[in-house]
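Take the given structure of chain D and dock chain X to it, following the hints.
Protein sequence lines, in the order shown, are assigned to chains D and X.
By the working numbering, the letter at position 60 of the first sequence is numbered 60, and the numbering carries on one by one without gaps.
By the working numbering, the letter at position 110 of the second sequence is numbered 110, and the numbering carries on one by one without gaps.
Hint data in this document are derived by calculation from the structure and do not stem from the laboratory.
Hints are supplied without guarantee of correctness; some may be wrong.
What the hints assert, rightly or not - Sample of chain D residues facing chain X (criterion: CB under 10 Å; computed from the structure):
id	residue
1	Q39
2	G43
3	M45
4	Y50
5	G52
Every residue gets a Cβ at the ideal spot worked out from N, C-alpha and C, and that includes glycine.
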Amino acid sequence: AQKITQTQPGMFVQEKEAVTLDCTYDTSDQSYGLFWYKQPSSGEMIFLIYQGSYDEQNATEGRYSLNFQKARKSANLVISASQLGDSAMYFCAMREGYLKAAGNKLTFGGGTRVLVKP
Amino acid sequence: DTGVSQDPRHKITKRGQNVTFRCDPISEHNRLYWYRQTLGQGPEFLTYFQNEAQLEKSRLLSDRFSAERPKGSFSTLEIQRTEQGDSAMYLCASSRDRAYQETQYFGPGTRLLVL
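Bound conformation, chain D alone (with noise of 0.2 Å):
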C-alpha cells in the first residue's frame, strides 16, 4: 500500500482565490510528521509547514495552513489568497518513528501540480 497518497495530479486555480490540496498517509507509528514541500521548475524542494502526529492544533505559516484530521490519516494544505508565484508541485510526505535512529527519512506522494490562472 501507498504510504503517501495525493490524488490530484494537477489543478487550476483563480488567482487570489484558496486551494487545498488532498494528502492521505498510512502508517501504524504513534509518533510521525507530515510535512509539505513546494517544487518549482527549478527543481529545488522548498519546505512549506510541518505538522506532528501529536499536535492538538492544526500548523500554520502565513498563507498556508495545514488540515490535519489524524482519525482519518489525512493532512490536506490550504492555500489561501493564491498569487502566480505559488505555481508549482506541491509534495506531501512523512517522517516515521522519529524516535528510531533509522526513522528519519521522509516519504514522499507522487505530487499535485498547482496552475495559478490570473
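Same frame as chain D, now just chain X:
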C-alpha cells in the same frame, strides 16, 4: 544563513562512466540525506548520515552507488558504471537533530542525464 548547495547542477555523461556529486549542508546541520527523483515522481530516499556515520541505506542504493561524508560536513555521492536508468534528479537535504520537529531543507539538486 546559507542554504544547502549542490554541485554540479547539471551533468551529462555517457553510459558506463563514473560521476560524482557533492553536497554542502547548512553549516550547523549534523544530518544529511540523499534522495533521487525521477520525472513525474516524488523523491525517493537513498541514504542518510548523522555526522560522518552512514546510518541507513535504501535498497535503491545498488553496489554501483556509494556515498561518503568523511568529516561530517560535505558529502559526495558517486555512481559507478552509469546506466540510462540512473538519469534523475539527485537531491540532498540536511537537518538539525531536533527529534520530533526535525525538518529537512533541500538543495537545488543535480540533474543527471546518462546517454
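Quick rundown of the hints versus the structure:
1. Because the closest C-beta pair between D:Q39 and chain X is about 9 Å apart, less than 10 Å, the hint holds.
2. Because the closest C-beta pair between D:G43 and chain X is about 5 Å apart, less than 10 Å, the hint holds.
3. Because the closest C-beta pair between D:M45 and chain X is about 4 Å apart, less than 10 Å, the hint holds.
4. A least Cβ separation of about 6 Å between D:Y50 and chain X falls short of the 10 Å threshold, and the interface hint therefore holds.
5. The criterion of a C-beta within 10 Å of any C-beta in chain X is met by D:G52, whose closest approach is roughly 6 Å, and the hint holds.
When the structure is compared with the earlier hints, no violation turns up for any of them.
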